[in-house]
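From first to last, the protein sequence lines are chains A and B.
At the far end of the first sequence sits residue 155, using UniProt numbering, and the numbering has no gaps.
At the far end of the second sequence sits residue 155, using UniProt numbering, and the numbering has no gaps.
If you're looking for bench data, these hints aren't it; they were derived computationally from the structure.
Be aware that a few hints might be false.
The list cannot tell twin chains apart, which means a pair is met if one copy fits it or any two copies do.
[Claimed, not checked] As a list, the in silico SDA-like pairs of lysine to any residue whose alpha-carbon atoms are at most 20 Å apart:
#1 Lys155 <-> Tyr90
#2 Lys124 <-> Ser21
#3 Lys78 <-> Gly53
#4 Lys78 <-> Leu127
#5 Lys78 <-> Ile5
#6 Lys78 <-> Glu4
#7 Lys52 <-> Leu84
#8 Lys78 <-> Arg39
#9 Lys52 <-> Tyr65
#10 Lys23 <-> Leu61
#11 Lys78 <-> Ala54
#12 Lys12 <-> Trp130
#13 Lys23 <-> Ser153
#14 Lys78 <-> Lys155
#15 Lys78 <-> Thr50
#16 Lys155 <-> Gly106
#17 Lys124 <-> Glu70
#18 Lys52 <-> Arg66
#19 Lys8 <-> Gly95
#20 Lys52 <-> Arg81
#21 Lys78 <-> Asp133
#22 Lys155 <-> Gln3
As the structure is a prediction and not an experimental result, all values here were calculated from the model.
Number of protein chains: 2
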Amino acid sequence: MPQEIEKKFLTKNDDWRQLGSGKSYRQGYLSGERGNTVRVRIAGDEGFLTIKGAGDGESRLEFEYRIPLEEAREMLMKLCRKPLIEKTRYKVFHGGFTWEIDEFKGENAGLIFAEIELQYPGQKFDLPDWIGDEVTGDPRYYNASLVSRPYSSWK
Amino acid sequence: MPQEIEKKFLTKNDDWRQLGSGKSYRQGYLSGERGNTVRVRIAGDEGFLTIKGAGDGESRLEFEYRIPLEEAREMLMKLCRKPLIEKTRYKVFHGGFTWEIDEFKGENAGLIFAEIELQYPGQKFDLPDWIGDEVTGDPRYYNASLVSRPYSSWK
């Protein structure tokens with residue numbers, strides 16, 4: 001029973017930039033903002049297909065499969081809703097956890113948030129100095145929501 | 001560019017039964033009747049995840065991946081819309097083609113149809129004597145439609 005428990009925060013400054021390296025992500029959705037989501041992702045030069053169940057934003061069933069890069073490209077181009085989500089993901093180690101910081105591009109440029117994955121609900125973790133407000137469960141920050149309501153349209 | 005070109009027909013008698021052997025299928029949908037469909041299937045003891053693009057019923061983009069049986073079971077149980085589609089699929093060879101005859105169970109009991117996959121649009125093929133009316137492209141016969149409007153509700 002693969003399950004994902006995530007906490008999501010805004011960042012309050014750029015101090016995390018010197019701490020990790022970035023990888024390019026491009027992803028899109030075959031299905032829904034509500035209920036299940038089916039995501040196609042290219043991370044670096046690897047393709048993935050990911051199914052996430054409906055959840056409360058912090059804890060969701062998740063199934064992920066490697067798929068051929070060329071098939072990921074074709075699904076992104078021909079089947080996924082536009083705009084695609086484009087971002088650079090940085091990984092920063094802090095206090096025994098790996099923080100993933102996503103810096104968005106395109107229609108979501110200007111948006112940055114940071115996530116950690118917990119092993120179990122309620123697990124303790126230390127907040128780095130560059131972490132700002134928590135936005136776990138706020139649907140505006142779901143990647144799938146950023147397709148239909150990109151950050152540039154929030155103002 | 002994997003593409004699927006299918007022709008679908010009703011059967012007019014049971015003569016096909018003596019010609020092939022059956023395998024048990026159980027499947028459900030993570031996403032939609034319109035546009036893309038994302039299907040979870042257990043065929044015999046193998047799990048599959050299949051993405052099909054929107055299409056005219058005869059020709060659709062298709063991507064299929066083997067997945068662990070246990071994960072297919074969990075997605076069917078927890079994420080797919082109900083009722084699940086349950087059927088026995090028989091394979092019958094005729095005139096150089098493999099005909100797949102689906103005999104449905106549960107809420108779709110009584111429904112039987114037969115399909116062949118063509119290599120290219122317009123390819124010629126011979127109709128076996130037990131084949132009835134063509135229903136290619138009729139959305140009522142899409143497996144995904146049989147979830148929300150099962151055969152038992154057609155009368």
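Against the structure, the hints:
1. Lys155 <-> Tyr90: Close neither inside one copy (26 Å) nor across copies (57 Å); limit 20 Å.
2. Lys124 <-> Ser21: Neither: 25 Å inside a chain and 56 Å across chains, both beyond 20 Å.
3. Lys78 <-> Gly53: between (24 Å within a copy, 8 Å between copies)
4. Lys78 <-> Leu127: Answer is neither; intra-copy 40 Å and inter-copy 34 Å both fail.
5. Lys78 <-> Ile5: between (31 Å within a copy, 17 Å between copies)
6. Lys78 <-> Glu4: between (29 Å within a copy, 15 Å between copies)
7. Lys52 <-> Leu84: Both, since 18 Å and 19 Å are each at most 20 Å.
8. Lys78 <-> Arg39: Answer is both: 14 Å inside a copy and 18 Å across each meet the 20 Å cutoff.
9. Lys52 <-> Tyr65: both (12 Å within a copy, 17 Å between copies)
10. Lys23 <-> Leu61: Neither: 25 Å inside a copy, 30 Å across copies.
11. Lys78 <-> Ala54: between (25 Å within a copy, 10 Å between copies)
12. Lys12 <-> Trp130: Result: close within a single copy only, 5 Å intra versus 70 Å inter.
13. Lys23 <-> Ser153: Neither, since 26 Å and 51 Å both go past 20 Å.
14. Lys78 <-> Lys155: Neither, since 30 Å and 37 Å both go past 20 Å.
15. Lys78 <-> Thr50: This pair counts as both: shortest intra-copy Cα distance 17 Å, inter-copy 16 Å.
16. Lys155 <-> Gly106: within (16 Å within a copy, 51 Å between copies)
17. Lys124 <-> Glu70: neither (40 Å within a copy, 31 Å between copies)
18. Lys52 <-> Arg66: both (15 Å within a copy, 18 Å between copies)
19. Lys8 <-> Gly95: For Lys8 and Gly95, the Cα distance is within 20 Å only inside one copy (16 Å; across copies 59 Å).
20. Lys52 <-> Arg81: For Lys52 and Arg81, the Cα distance is within 20 Å both inside one copy (17 Å) and across copies (14 Å).
21. Lys78 <-> Asp133: Classified as neither: same-chain Cα gap 37 Å, cross-chain 33 Å, threshold 20 Å.
22. Lys155 <-> Gln3: So Lys155 and Gln3 fail the 20 Å test inside a copy (34 Å) and across (42 Å) alike.
Violated hints for the displayed structure, listed by number in ascending order: 1, 2, 4, 10, 13, 14, 17, 21 and 22.
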